[in-house]
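Q: Each chain, letter by letter, is given below.
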Amino acid sequence: MKHVRRASLVSAIALVAAGLAVPAFAADLTIAMPANQEPASLDGHIDPYQSTWLLDSFVADPLVVLHPDGKYGPALATEWSSNEDGTEWTFKLRDDVTFQDGTPFNAAAVKANLERIAAPETASKQLKSDIGPFTSVEAVDDTTVKITYDTPWVTLLDAVRRTPLWSPAAIAEYGADFDKKLVGTGPFTLQEWVPNDHITFAKWADYGGWNSIMENPGPVALDTVTVNFIGEPAVLGSLVEYGDADIGFAIPAQYVEDYKDKDDFQFYSKGQSGTGLQMVMNTRKPPLSDIRVRKALNFAADQEAVNELLYDGAYTPSDGPLNNSHVCFWDGATAMYATDTEKAKALLDEAGWRDEDGDGMREAHGVEGVEDGTPLSIKYNILHHQEIGEALQAQFRPIGINLEVEQVPGPVQLDRVQNRTFDLMYERQRSPDPLILDQVWNSKWDEPGGWAWTGFKDATLDGYLDKLRSLPSVEARCEAAIEAQKIIMENALMLPTLSQPIFVAMRPEVKGFLPGAEGNWFFLQNTTVED
Amino acid sequence: MKSEVAVAPADTAAIPRQPGWIRRLLRNKGALVGLAILFGWIFVAIFAPMIAPYDPTLTVARARQAPSAEFWFGTDQLGRDLVSRVLYGSRISLSLGLISVTLGAIPGITLGLLAGFYGGWVDTVISRFVDALLAFPSILLALLVIATLGPSLQNVMVAVGVATVPEFARLTRGSVLAIKALPYVDAARVVGAKGLRIMVLHILRNANAPIVVLATLQVGAAILIGAGLSFLGLGAQPPTPEWGLISAEGRQVLRKAWWISTFPGLAILSVVIACNLVGDGLRSALDPKMRNS
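Residue numbers (the working numbering), protein chains in the order written: chain X, 1 to 531; chain E, 1 to 293.
If we strip away everything but chain E, and leave its shape as in the complex, we get (with noise of 0.2 Å):
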């Protein structure tokens, strides 16, 4: 005898659809504000040849001329077209960003992974040794880096990459502490799931929303860390158009020709800004709690 039971069909339309978390960050105005910054450095940096009116590291004027007609920025000490060194420094500082993060990142993820989900005494030695990196600032991390490595670009996107393992390392293991303890983990266990494949496949992808926020805000402070190691001459080195590097060079004629720090600082303001307002952004967009707030 079959028996059939009636299924009453769910009112759907009773419950209110929820946006998804890029239509809830296109609706937060800083973070609009903060792409819509960010896309035009990432274009400015892809086709910096064909935008910046000169060569960035060649003489073409006279040393220090102030803003004008001809030379929107100025030209610097050596008498280089400023506007052609802000735009080409944009492909320094934005891959800086995003390379030493990743850099930073995998390390930190693997190690907060490793230690929120073994725990015991793989949790402690791990644990220990990212409070013992987190007991040093972030710029004297990446200091220590390059004093072992010396000054260089490459050397500096590594020295920040360092300084960032700590914050990420901490905040995939607290994620994923709070993961490992929900029914579908255990369900994952039960019907035979091993180690690994828990790990990436059913709590990294479920912890992903605070680390990538944490990466967006990342990418704006391994920026600043970056230009303020090249602006005291232990990164970028000249005649690289890096602006922590032409910032420097304009200090020393800072009252007689405040363009050349200042351009770009401002474009280093910029990136920074934009950062921490997608960041923020995408805290909102992506944490169940705010979503409706």
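Bound-form chain X, shown alone (with noise of 0.2 Å):
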């Protein structure tokens, strides 16, 4: 009897220290993210925000996966290849997949899937333009898609890595409120959308880690994911310190200080590849129809002033329109515009924009279209960053111009590029690939609803825009993109500003985090938090 209680004695204090050695998992994270990363509709097929597509890879797995070194791995397909000019792609699916409501994932799911991003009732207003204008979707057998062009679209894995394939028969049931439901075959359901406040994910128990970031195959381990959406950047910054979130991301520059090299957190920060945070101009109409006008804004700007006042130079150069980071930046956009108030000034006097009266502020004298005496005001309109306009604003007024500084929300940033009532409109594309290049800048794409503002057309720099769908290989669309960048940059039809990082703050219970190999997405499948 002794040696029983003994042995319990000894058993029971085993167990103690076993638990004391083996840390324990909470089961739930906190995310908190700016409030602008808020999609307006949950359904990537229709929002065009990196975001919405981040938040859409926790309910479905995508059919590639872009890894965290740049490469492609299999999620729901396992294998794929496409013909040399990139005008036939075919797509070999798991077939051991089901959706969230428990129907098959197939290849008819993928082609309803595809075939629903394309349909002009669906809106879609991104994801449409960056999958292309496929002639047909066929599913071969239950495990083989084959995706056909007429064009060469040599981009489309770049497209489908971020594509959520949704359950047909949620999309049918659904109708209109699926992007209040969200089913996919990710390692989260949605459970819960609360517009303008955070949505929660919770684990999907039938998980089968069908995406080869997992490190196990299986459920994840987190029981849930809440995204909060902090519309004050102080709030934003300070909520892991204070223990209310265990991931801060994105969070703003000036808060960088609090957890970087601290030993009570976790930080990184991580580049975003893609255009920065530029300024496209509207050539359509005065004063920035006039190249001479749209170069003094270049020589008047100094960016890495900017970058220094503002973040202590915690942002990184943005020289052109593709910025400084990216694989395919043309580095002669950095010498093209050496800040040069003289020249500006010298420009703006042959533009006919003088200062005449001595206010210290320039007016058109026999500027074309322009009635004699109108000041020189620029509008400048941007979604976020508002510091960055005042800055300029700062360094703009000293040569005479006046930069009309005015945060907006996105539908009056599209209405205003609809009905062209702009002067300097920001706009930021992220990705690796330079064929963001052609959205912005191909006057193709000038129409409703199209993302290329500026009124310019060249059909040589189109010509090169249209290479960057063709070409197969990286360094050949580089190329093509830095002609293209030469053209963009000598008729001076953007301001480049600064590209954004983002930063983010952890505590140091959260393991298995995986940024992605773009700044702005991270895996959660291999994440826990250690209570």
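To be clear, the hints were calculated from the coordinates, so they are not data collected in a lab. Some hints could be false.
[Unchecked claim] Taking lysine-lysine pairs in the BS3-like style, the calculated list, with each CA pair at most 30 Å apart, reads:
1) X:LYS270 <-> E:LYS256
2) X:LYS262 <-> E:LYS256
3) X:LYS71 <-> X:LYS260
4) E:LYS256 <-> X:LYS260
The structure displayed is predicted, hence computed values, not measured ones.
Using the hints, put the two standalone chains together into the complex.
A: Shown next as structure tokens:
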């Protein structure tokens, strides 16, 4: 009896010791994100923003996954191939996947998804153009899909890695409410979306780990993931510090010092390949219809000083249509418009914008289409980063340019673009592929709903941009992209500002958080939170 | 035959002389403090270009510098001197308060005067209109106007003015209703005075005390609403040194640079408190019932 008691005591001590040695895992993860990353619709087939596709990736696995090293890996497709000119793509699918509603995932489901995105009634704002004008999607058999194009479409993988694949049965069942239901094949189900507040995802117990990003097959460790959307930057920057969030995603630069190199927190920053926080110019009307004025703005701006002033140099340079960290960045853009206020003044004088009344601000004198005496005022509309506009405003004022900085919501931005009532408009695209240049600068996308806003049309530029969809090798596409960037900068069609890295702060208890190849992407499949 | 009636001279010395309203106002310590603050800000507003050490729109130092001997209120996120921005901001806030209250008072008083004097269907129509306006909180009414006209400082003045119209109309109507029943108004009518003359000379002139009090209080409220609209990005636009806008610009870095939002906030607080103190003092000074209290 004594031995039994002793044995029980030893067992109890061993159990307690084991409990202390092995960390327990909390099953709930809270992420704080800027409010401007909350989607208008959670259906990535419709909504055009990267944050929407990121949140969709919790619920729906893609065909292929872009690994942190920039290489594509299998997800719902086990293998894929295209013909030499990129007009025919074949995807071989997994045969053991079901959607969260129990319906099978197969070639017919992929076909239904792609056709839904392409359908005009879906009103897809981005994925439709990314996936491209395929002529047919064929379910060759249950696990084989063939996509055919008239023209080469070599960038399809970059599109399908962001494309959520939804259950066709659920789409049919929920109709217009589908974006509040979301049924995919991913590690989490959508539990709750409270607009302007938070989204909660819950673990899908039947998840098979059908994504090469998973270290172990089967369901994920986390029980729930709650994404809180925070409107106040000061609050967003402090939530992890005060223990109200496990992860602060895209925290403001001013709060980096609270987390960076601190033992109590984990911190990383990652650049975002793409266009940078660029301002595109409306060349249809004065004053920016005059290339001399457009060039003057580029010569007048000192982006490096803006970076130092506002962010203590934490942002990264973006000197051209693709930012400086992009694999296809044209470095000639840096030297082309090195800050030179004297040159800016001379260009404005030559263009007829002079300060003859001595009030310090320039006004029109013989400018075509502008009444004499009209002050040189240029509207500067952004969705965020108003402070960059204000810093540029302060730089432009001494040379007599009045920059009217106004922060507007997304719908107002699109309305002004549609009505062509803007001068300088914020437009950012993020992708490691140079294809984004085509969307922003090819005049064929200067149409309602298109993303080419400047009104500039040049056959040579369009020719280079067309090649971005047909040249199979990255090197060849970069060459075309560089030629396109030269033309864009020679014509001063945009004002580059800065590139925003993503700053992420985490509690030390968060393990297995995996940043994506792009700064604004991450994976939670292997994430745990030590209790 | 001429008869004479001897009239005994009144013993005027026995009646204590009532001090004038200005003297009564100056005896009110709260009102004195309020007046001192207001006159101080008015002085600052007039002489801002001479007092302010720097151009309020120019970057003069490193961003977000804490208050120091060189920069008393520190610098903002663009390295602009906050003392200069707050001093120049008084011009905008005070003129916003005065102009918007004037814009609201003129139609408000007119509507109240017409409603109270004519009564009947005129009163019914005007009163229901005013009731409808009063159903909206002032800030909401101002937001509606801004949504229609677009964000700018001028439109904020109009918006805040519109938001104050119902207050003036209601108060004026009440005063007119009380005054028009007094015998001297009947007397004026009997001697042939017409409507407009009675309204302006006999009624409005005697109803001005509560209106002046309300106007004083409304200046403070208007400054507060205007600053609130600018804080929301609907009023003054960058780089205008407007107090609400400066506060808004500082809130992104509140924990890092508390001074950017704090000093313009204190400026708003001081003007609003001053207006309220002066308004309370005026109410005491002008209200016969409160003269001896």
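Q: Any hints this thing doesn't respect? Which numbers, in order?
A: none
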